[in-house]
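J.: Sequences and hints are given; from them, build the entire structure.
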Amino acid sequence: MGKWWGVMLEEYLPALVHVVVGIGFAVVALLTNFLLGRAGARSKAKDTPYECGMLPAIEEQPRFSVKFYLVAMLFILFDIEVVFMYPWAVVFREYLEREGVLIFWSMMGFIGILLVAFLYALRKGAMEWSR
Amino acid sequence: MDIANFAEASATLGHYLIVSGLLFGIGLMAVLLRRNIIILFMGVEMMLNAANLSLVAFSRFHPVGGGPAVDSQVFLFFIITVAAAEVAIGLAIIVALYRAKQTMHVEDLDSLRF
Amino acid sequence: MQLAIFWIFSVLMLLFAGLVVVMRNPVASALSLVMCFICLAGLYFTLDAFFIGIIQILVYAGAVMVLFLFIIMLLNLKEEVARRLKLSAFFGGGLVLCGFVYAMVKAVINLPEVWQTAPKLETGGISDVARIGFKLFETYNMPLQIVGVILLVATIGVVFLSSRQLR
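Note that the protein sequences, when read in sequence, are chains A, B and C.
Take 1 as the starting number for the first sequence in our numbering and just add one per residue.
Take 132 as the starting number for the second sequence in our numbering and just add one per residue.
Take 246 as the starting number for the third sequence in our numbering and just add one per residue.
No lab work stands behind these hints: they were computed from the structure.
Note that CB positions come from ideal geometry on N, CA and C, so glycine has one too.
Treat the hints loosely; a few may be bogus.
Short derived list, chain B residues pointing at chain A, Cβ under 7 Å [said to hold, decoys possible]:
hint	residue
1	T212
2	A215
3	A219
Calculated from the model, a selection of chain C residues having no Cβ within reach of chain A, i.e. all distances over 10 Å [unchecked claim]:
hint	residue
4	V256
5	A306
6	K331
7	F335
8	K365
9	E367
T.: Here's what the structure looks like:
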């Protein structure tokens, strides 16, 4: 018994506490909402969007503009660029001492290629909001 | 099971390969059974990730120089990158398709030209 | 302990993967796939591939699946109208799947040394991010530039495909 708890406490207690606090916070927030929200219980009249005037003929969710998804896709492509910079930043100094400046120019070439991509998107007006 | 054994027990390569194969099977099922083109695309992503899982498992179970085989992890890094680029392009194509046909149902998308 | 964590994550992962197939609402499917990928990252952690796990969460669960959700909301997809499944397609698919799983299990069982636990690692205090970084910038400089070109091509493709809708 002692061994099992030993391993558990040593390595996984912080993760366990994190999980418990996360789930506990969500449960407490939902429960409080549920209990305190009783006073203003929902009714059919309260859920209608207007108190007077015409009811909407069709329920239409607001649609996103096309611009949003273009920006989201460009975000993914440049997110990848940043992901490649994490290991670069971790090994940069040690690599400079051991092997020389190749690491610097390698990353500069990578960023340069992506800069061309960025300039292309900019020229084509992918980032313009006003139009 | 003995509790001391339980603390020491770790999964074997076979465990990981079978889980990876099952994930691939579920992805295949999504592609075969569903008719929504976005869900089909999600199934393809799932199959890709199943292959990634078996690659990482092999890299851990065949260590090189004391650590996991790093070449395969760098390889996986590139795979994830290319997959993200593929998703961006694929979804752009799906949106263009939807604008042309107003449907996401694969059985309605049966002509090769717009 | 490692075995227990493996079971927790793999069962959760397969459960959420199954939900992706079963759910009728595309938003629910996409959120299940996010959970599936997070559990997959947990499996990577049990394999000591910490950096790959983080990348999985950052890129897949964080960016790719958000794009999926975004597209579903952009196109305002509702729940699918249930159409009759073609029985022949259903059984054909099931047959292919059973054949695949059978072949896979048979291949895995016949592999040599497949039921041995992982060898102990002697990393000497070097983190796997540093290992991957050194490997990447020592051996794989050229592939890195090629990945840059792929991202350039993808950017041009995305902008071109959407440019018709921009005007």
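J.: Each hint should be assessed against the structure and marked as holding or not.
T.: Each hint, compared with the structure:
no.	hint	verdict
1	T212	5 Å, holds
2	A215	5 Å, holds
3	A219	4 Å, holds
4	V256	16 Å, holds
5	A306	12 Å, holds
6	K331	32 Å, holds
7	F335	33 Å, holds
8	K365	16 Å, holds
9	E367	19 Å, holds
In this structure, none of the earlier numbered hints is contradicted; all agree with it.
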